[in-house]
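Here is what each chain is made of, one letter per residue.
Protein chains: 6
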Amino acid sequence: MAFNSFEEDVTMAEDRYQKGIDKIQELTSSDDDNPTGFMDIGEAFKDIAPDLSKYVVEFAFADIYSRPGIDNKQKVLTTITALVAQGKPQIGMHIKTGLSVGLTPEEIVGCVVHLIPYVGFPSVLNALTVAKEVFAEQGVTVDTSDVE
Amino acid sequence: MAFNSFEEDVTMAEDRYQKGIDKIQELTSSDDDNPTGFMDIGEAFKDIAPDLSKYVVEFAFADIYSRPGIDNKQKVLTTITALVAQGKPQIGMHIKTGLSVGLTPEEIVGCVVHLIPYVGFPSVLNALTVAKEVFAEQGVTVDTSDVE
Amino acid sequence: MAFNSFEEDVTMAEDRYQKGIDKIQELTSSDDDNPTGFMDIGEAFKDIAPDLSKYVVEFAFADIYSRPGIDNKQKVLTTITALVAQGKPQIGMHIKTGLSVGLTPEEIVGCVVHLIPYVGFPSVLNALTVAKEVFAEQGVTVDTSDVE
Amino acid sequence: MAFNSFEEDVTMAEDRYQKGIDKIQELTSSDDDNPTGFMDIGEAFKDIAPDLSKYVVEFAFADIYSRPGIDNKQKVLTTITALVAQGKPQIGMHIKTGLSVGLTPEEIVGCVVHLIPYVGFPSVLNALTVAKEVFAEQGVTVDTSDVE
Amino acid sequence: MAFNSFEEDVTMAEDRYQKGIDKIQELTSSDDDNPTGFMDIGEAFKDIAPDLSKYVVEFAFADIYSRPGIDNKQKVLTTITALVAQGKPQIGMHIKTGLSVGLTPEEIVGCVVHLIPYVGFPSVLNALTVAKEVFAEQGVTVDTSDVE
Amino acid sequence: MAFNSFEEDVTMAEDRYQKGIDKIQELTSSDDDNPTGFMDIGEAFKDIAPDLSKYVVEFAFADIYSRPGIDNKQKVLTTITALVAQGKPQIGMHIKTGLSVGLTPEEIVGCVVHLIPYVGFPSVLNALTVAKEVFAEQGVTVDTSDVE
Numbered sequence: 017m018a019f020n021s022f023e024e025d026v027t028m029a030e031d032r033y034q035k036g037i038d039k040i041q042e043l044t045s046s047d048d049d050n051p052t053g054f055m056d057i058g059e060a061f062k063d064i065a066p067d068l069s070k071y072v073v074e075f076a077f078a079d080i081y082s083r084p085g086i087d088n089k090q091k092v093l094t095t096i097t098a099l100v101a102q103g104k105p106q107i108g109m110h111i112k113t114g115l116s117v118g119l120t121p122e123e124i125v126g127c128v129v130h131l132i133p134y135v136g137f138p139s140v141l142n143a144l145t146v147a148k149e150v151f152a153e154q155g156v157t158v159d160t161s162d163v164e
Numbered sequence: 017m018a019f020n021s022f023e024e025d026v027t028m029a030e031d032r033y034q035k036g037i038d039k040i041q042e043l044t045s046s047d048d049d050n051p052t053g054f055m056d057i058g059e060a061f062k063d064i065a066p067d068l069s070k071y072v073v074e075f076a077f078a079d080i081y082s083r084p085g086i087d088n089k090q091k092v093l094t095t096i097t098a099l100v101a102q103g104k105p106q107i108g109m110h111i112k113t114g115l116s117v118g119l120t121p122e123e124i125v126g127c128v129v130h131l132i133p134y135v136g137f138p139s140v141l142n143a144l145t146v147a148k149e150v151f152a153e154q155g156v157t158v159d160t161s162d163v164e
Numbered sequence: 017m018a019f020n021s022f023e024e025d026v027t028m029a030e031d032r033y034q035k036g037i038d039k040i041q042e043l044t045s046s047d048d049d050n051p052t053g054f055m056d057i058g059e060a061f062k063d064i065a066p067d068l069s070k071y072v073v074e075f076a077f078a079d080i081y082s083r084p085g086i087d088n089k090q091k092v093l094t095t096i097t098a099l100v101a102q103g104k105p106q107i108g109m110h111i112k113t114g115l116s117v118g119l120t121p122e123e124i125v126g127c128v129v130h131l132i133p134y135v136g137f138p139s140v141l142n143a144l145t146v147a148k149e150v151f152a153e154q155g156v157t158v159d160t161s162d163v164e
Numbered sequence: 017m018a019f020n021s022f023e024e025d026v027t028m029a030e031d032r033y034q035k036g037i038d039k040i041q042e043l044t045s046s047d048d049d050n051p052t053g054f055m056d057i058g059e060a061f062k063d064i065a066p067d068l069s070k071y072v073v074e075f076a077f078a079d080i081y082s083r084p085g086i087d088n089k090q091k092v093l094t095t096i097t098a099l100v101a102q103g104k105p106q107i108g109m110h111i112k113t114g115l116s117v118g119l120t121p122e123e124i125v126g127c128v129v130h131l132i133p134y135v136g137f138p139s140v141l142n143a144l145t146v147a148k149e150v151f152a153e154q155g156v157t158v159d160t161s162d163v164e
Numbered sequence: 017m018a019f020n021s022f023e024e025d026v027t028m029a030e031d032r033y034q035k036g037i038d039k040i041q042e043l044t045s046s047d048d049d050n051p052t053g054f055m056d057i058g059e060a061f062k063d064i065a066p067d068l069s070k071y072v073v074e075f076a077f078a079d080i081y082s083r084p085g086i087d088n089k090q091k092v093l094t095t096i097t098a099l100v101a102q103g104k105p106q107i108g109m110h111i112k113t114g115l116s117v118g119l120t121p122e123e124i125v126g127c128v129v130h131l132i133p134y135v136g137f138p139s140v141l142n143a144l145t146v147a148k149e150v151f152a153e154q155g156v157t158v159d160t161s162d163v164e
Numbered sequence: 017m018a019f020n021s022f023e024e025d026v027t028m029a030e031d032r033y034q035k036g037i038d039k040i041q042e043l044t045s046s047d048d049d050n051p052t053g054f055m056d057i058g059e060a061f062k063d064i065a066p067d068l069s070k071y072v073v074e075f076a077f078a079d080i081y082s083r084p085g086i087d088n089k090q091k092v093l094t095t096i097t098a099l100v101a102q103g104k105p106q107i108g109m110h111i112k113t114g115l116s117v118g119l120t121p122e123e124i125v126g127c128v129v130h131l132i133p134y135v136g137f138p139s140v141l142n143a144l145t146v147a148k149e150v151f152a153e154q155g156v157t158v159d160t161s162d163v164e
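Going down the list, the sequences are from chains A, B, C, D, E and F.
Numbers in the working numbering are just positions in the first sequence, counted from 1, shifted up by 16.
Numbers in the working numbering are just positions in the second sequence, counted from 1, shifted up by 16.
Numbers in the working numbering are just positions in the third sequence, counted from 1, shifted up by 16.
Numbers in the working numbering are just positions in the fourth sequence, counted from 1, shifted up by 16.
Numbers in the working numbering are just positions in the fifth sequence, counted from 1, shifted up by 16.
Numbers in the working numbering are just positions in the sixth sequence, counted from 1, shifted up by 16.
By construction, these hints were calculated from the structure, which means they are not laboratory data.
Quantities reported herein were computed from a predicted structural model and do not represent experimental measurements.
Some clues are possibly wrong.
Identical chains share a label here; the pair holds if one copy fits it or two copies do between them.
[What the hints assert, rightly or not] Calculated pairs, DSS-like style, for lysine-lysine (alpha carbon to alpha carbon, straight line, at most 30 Å):
no.: 1; residue 1: 148; residue 2: 35
no.: 2; residue 1: 35; residue 2: 112
no.: 3; residue 1: 89; residue 2: 104
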């Protein structure tokens with residue numbers, strides 16, 4: 017790790033929370049009136065763990081989601097996959113993020129179906145149920161001509 | 017699902033095992049002398065479950081890996097993610113496949129590091145240990161200038 | 017794996033989907049008007065992944081459930097166990113299948129309770145809640161005289 | 017293991033179920049009219065697995081919860097952690113037990129938030145949702161002045 | 017649960033450890049010189065947790081393995097399945113137990129292969145590697161004529 | 017979350033990495049010549065993911081391990097529990113940390129044994145094998161007089 021100069025450190029400290037918020041806006045296509053868009057950053061917990069949102073925004077979004085290496089579409093595809101493999105209820109929110117960053121519905125379904133040999137049918141069927149709900153809510157249809 | 021004509025069915029029956037082998041060759045850049053390359057299709061089990069390789073080749077590779085929706089690079093990224101989330105020893109073989117289909121080492125590391133907020137540090141550290149071994153074995157170096 | 021003659025291949029191709037449906041009928045005691053009975057083969061996803069049902073029927077039921085080695089009762093007991101160990105919501109449907117293939121309610125409960133030392137109490141209590149609901153729905157009572 | 021004398025054995029046999037009930041009363045601060053308090057010992061399953069409550073009371077509470085080594089507060093903290101790591105719905109009941117044995121709400125939240133690096137954000141967010149519900153139901157507030 | 021008379025309680029207290037040992041002998045076909053046979057009851061931990069073996073013998077074997085509902089073959093099949101679903105290293109010891117209680121190698125392999133649609137290929141391939149080792153060690157061969 | 021003044025931000029930026037290192041020294045009783053002691057902060061990955069150690073030190077140790085709510089002994093007990101529940105190989109390093117922060121070997125064993133009803137025997141036996149190795153390496157003996 018390259019250590020930062022004093023000035024860079026100041027900038028980093030000021031910018032880290034904002035950098036995370038900016039990343040969330042980029043991922044959710046949200047506007048400035050509702051900067052975190054549909055992303056759950058744990059604001060519901062401000063009365064029991066007010067620091068939680070800071071970890072979500074600064075660590076998950078400013079550090080990890082802003083890291084180079086893979087692009088936003090790959091990041092969300094990877095996130096969806098991890099959640100399907102673990103059966104977590106956050107799948108829906110991240111499918112929505114996937115659509116927002118430009119993953120096609122065919123890519124999202126393709127990713128989930130691809131997981132059958134690795135996680136088994138039940139996890140995939142459960143995830144597709146969620147995907148179907150998100151697609152209906154977002155008015156998105158899937159072009160299935162290639163797989164019929 | 018569109019049902020196939022009789023002739024298509026014949027072709028499909030003949031071709032399904034071959035289609036899976038072709039897909040494996042495409043994924044592993046293997047030649048015809050060793051068509052399954054470094055991919056473990058379960059041939060070690062021919063004396064206890066001789067039909068297993070058929071399921072691997074025909075279902076995993078002819079059906080699932082050949083399905084449209086996501087491309088080979090996305091398929092392998094998704095596979096690696098599922099294996100990291102579950103802590104399976106097959107991670108190494110699929111990192112090798114990733115390099116073979118054109119994922120850069122930066123993308124593979126980027127994918128694994130991206131999983132920290134979803135699967136925690138221990139799973140990621142374990143996966144990076146395997147990635148490092150595969151990279152060393154394959155003579156691959158990672159350009160880290162962007163993340164230093 | 018023994019390779020098939022051309023004629024066998026034709027037959028296999030024609031029969032694979034039907035073979036899976038036949039197996040489901042056998043497992044669910046369903047009639048020809050509703051051949052898949054209460055088994056969820058993923059038909060709800062025909063607008064987002066129309067090929068999914070084909071994988072369920074042809075791979076899960078024609079290939080795997082039709083494989084010799086263990087009988088139907090053992091297959092369903094094994095399936096229920098895997099779902100209890102993973103905490104999947106499909107447990108109920110497979111308990112229903114268990115009753116249909118002749119597992120007694122005592123065997124189903126015996127299997128779930130047997131898992132306590134391997135998966136812990138919470139997973140077992142959650143699965144018994146589902147079992148109780150299925151038994152009530154099916155009008156099945158459990159003979160508990162031996163374990164009181 | 018030290019083997020018991022005949023008299024000790026008799027006492028142990030008589031007392032094991034009672035010892036478990038006593039432990040549950042201690043953990044839940046329940047009175048004699050409702051000795052198991054809010055603890056689910058599986059009584060709902062007396063028509064399908066009447067021996068289950070015995071295993072819960074005698075093994076989980078008389079053997080394990082009564083074992084020396086760690087105190088009640090540590091036992092419940094450990095239990096909550098295991099349930100968060102596995103995503104089990106029993107988290108709520110054991111958070112209630114935690115409050116009953118004297119864990120502060122700050123300790124319970126502190127434990128759950130501490131798990132982020134080991135189990136990831138989604139499991140922690142799901143557990144905090146349950147914690148928040150239990151705290152509201154129990155009229156408990158969290159002092160967050162230290163973490164704001 | 018039916019409460020026991022005083023005399024039954026005495027008998028139960030005296031017999032519970034012995035009952036567990038007897039069950040282990042039955043499961044492992046062990047003789048009196050080595051009553052626990054190849055079963056790991058945690059005796060390696062007598063210097064750090066000397067009570068552990070008691071819980072294994074009395075709870076796992078006297079309570080759970082001795083419970084009516086399913087027979088020994090079903091119990092071991094269920095145990096193997098739970099361990100495959102979780103990827104635990106104890107799979108080998110329980111495959112050995114399976115052979116000892118009369119499960120055929122075809123049934124053991126049949127059970128593991130049956131799990132592919134529920135736990136995915138990697139877990140099944142890992143389990144078959146262990147099965148193959150146990151079969152080799154035990155001089156057992158698998159009749160594969162039906163699945164070739 | 018209270019937002020920081022400009023000066024606090026500067027301090028925080030300068031101190032965050034150091035704060036994490038200080039916490040690791042506190043946890044591992046390490047001296048300044050080897051400030052991270054036996055804690056694996058991912059330094060082995062500096063050629064493939066040089067930023068990883070920064071996330072470990074700054075997020076896991078400066079943010080999370082330094083958070084008030086639970087004390088160091090509770091934090092390590094909670095960490096060990098999460099790793100036992102998931103079967104991760106990092107258990108040993110954190111048992112070592114537990115001894116370093118003052119958890120007695122009886123507390124560590126007590127915690128692991130307490131998990132039997134929640135994670136099952138196999139995970140607990142595997143963790144005790146690691147605990148035994150660490151205790152031997154550290155010359156630590158367990159007082160078992162209370163549980164014999």
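These are the hints, each one checked on the structure:
In this assembly of identical chains, the alpha carbons of residue 148 and residue 35 lie at most 30 Å apart only when taken from different copies (29 Å versus 32 Å within one copy). Proximity of residue 35 and residue 112 under a CA criterion of 30 Å is satisfied intra-copy only: 21 Å inside one chain copy versus 34 Å between copies. In the homo-oligomer, the alpha carbons of residue 89 and residue 104 lie at most 30 Å apart both inside one protomer (20 Å) and across protomers (25 Å), since each shortest distance falls under that limit.
The structure is consistent with each of the numbered hints, conforming to all of them.
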